[in-house]
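*Asks:* Sequence:
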Amino acid sequence: MSDIKEKIIKGLKYFSYKERKNRENENLKKEMENLEILPSSSLKAEYILTKSKYDFKKLKLTLIYISVALAIVAGILSKLFYVFEKIVHFIFLNSENIEAGKAFIILSLVISILIITSVVIFLINYIKNMQLLYKHLLTIEEVIKDKNESREYLSTK
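In terms of the numbering used here, the sequence shown opens at residue -1 and continues consecutively.
Errors might be hidden in some of the hints.
Claimed, not checked - When the alpha-carbon atoms are kept at most 25 Å apart in a straight line, the in silico DSS-like pairs for lysine-lysine are as follows:
| # | residue 1 | residue 2 |
| --- | --- | --- |
| 1 | Lys19 | Lys8 |
| 2 | Lys3 | Lys16 |
| 3 | Lys84 | Lys16 |
| 4 | Lys126 | Lys11 |
The hints are simulated quantities; they were obtained by calculation from the structure and are not laboratory data. In this text, all values refer to a predicted model and were calculated from it rather than measured experimentally.
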């Protein structure tokens, strides 16, 4: 019984702020250790590749994805209003089919919400990936800075 209780407590702690920060710090330490063992040329190459990936993703996000997302949302909203107009017209002409009109309204709302939600989720995931890439870039910069400082320190002695 105590084994189950410990697993539940461990599972709840997994999502706590303190545990997330501890995991992030551990991951950062491991990443820095892996980068520190790289030779300078490989570290510079990693920096250049990461920086170019990040800049390209940022450019792609601002120029393409946000424009397309806005166009999709605007298109969906315009079609949704068009469908609402047709449904209201249908209900006025066929007052005995009000339930069918309500069903069409609910169906069109659900489909619109699903499409808009999927666009928003895609953008959130893309931005999250950019954040991770930027964090990796900052880590590389920090390791390069530390290596340069240690070289300067050793050269002055």
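*Asks:* Hint by hint, which ones does this structure get wrong, listed from lowest number up?
*Replies:* Those not satisfied come down to hint 3.
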